[in-house]
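Student: Sequence:
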Amino acid sequence: MQDWLGPEEWKAVALSLRVSLWATVLSLPLGIFTAYALARWSFPGKQLLNGLVHLPLVLPPVVTGYLLLLTFGTQGPVGGLLAEAGVVFAFRWTGAALAAAVMAFPLMVRAIRLSIEAVDPRLEEASATLGARPLWVFLTVTLPMALPGIVAGAILAFAKAMGEFGATITFVSNIPGETRTIPSAIYAFLQVPGGEGSAMKLVLISVAVAMGALLISEAVASRVAARVGGR
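Note that full-length UniProt numbering numbers the sequence shown so that position 162 is 162, with each residue one more than the last.
Derived from the structure by calculation, the hints contain no laboratory data. Keep in mind that the hints are not guaranteed to be accurate.
Said to hold, decoys possible - Pair by pair, the computed Cβ-Cβ distance ranges are:
1) K46 with G6: 48 to 54 Å
2) F33 with Q191: 21 to 27 Å
3) Q191 with E125: 56 to 62 Å
4) M211 with G51: 28 to 34 Å
5) M211 with L55: 25 to 31 Å
6) R18 with I216: 34 to 40 Å
7) D120 with S222: 18 to 24 Å
8) L26 with G86: 14 to 20 Å
9) G86 with A14: 33 to 39 Å
10) R133 with T74: 51 to 57 Å
11) V25 with Q47: 34 to 40 Å
12) R18 with D120: 29 to 35 Å
Since the structure is predicted, the reported quantities are computational estimates derived from the model, not experimental observations. Idealized CB from N, CA, C, for every residue including glycine.
Please model the complete structure; the sequences and the hints are all you need to start from.
Tutor: So, in structure tokens, the structure goes:
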């Protein structure tokens, strides 16, 4: 791939993989917890939480990026405190990972939630009646049975993170080697004469990653449906 891609193109691919991997890995525990809470718990504000989780799907990505900048920028309420501790998100690749994680989070939670809801609650109740604590029931019953959905959610989140553009460019700009991911690089290449070839290469990579993620997630979802349906 290094022979096919130029230095700038390869940097964009490598950075996108790095950003997407960290965005997926670091948001997965919170995604599992949130999905379980929405699937199994009843509590005040549940619908509000559900709305907040899915809000990035309906908000313009630029709005999400601007809200991240206001919150996690060096002058923001959270970003200011983190900056004093030496942690900076704005205009850094870590900020790109944060933006990608926020935008991908709804897809991850939805896939995991559907998988958890497909687990028969009677199996969890049976384990509880045998003396198992709630955490142990979750780890030994719910989590293994929901694993295909968790994998599917992680794959979809990774693919979404690879393609994130609006929130990322608003929050961390388009800095070569630092925040220029594949979508940002495509945009940059299309702004200069003769950049169409480089842009097309990155477009093909994006399509391949997205299609691969969809096929894998569909295969996992089919496996869950077959297991639940007893086929």
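Student: Can you list which hints this structure breaks, lowest number first?
Tutor: 2, 6, 9, 10, 11, 12
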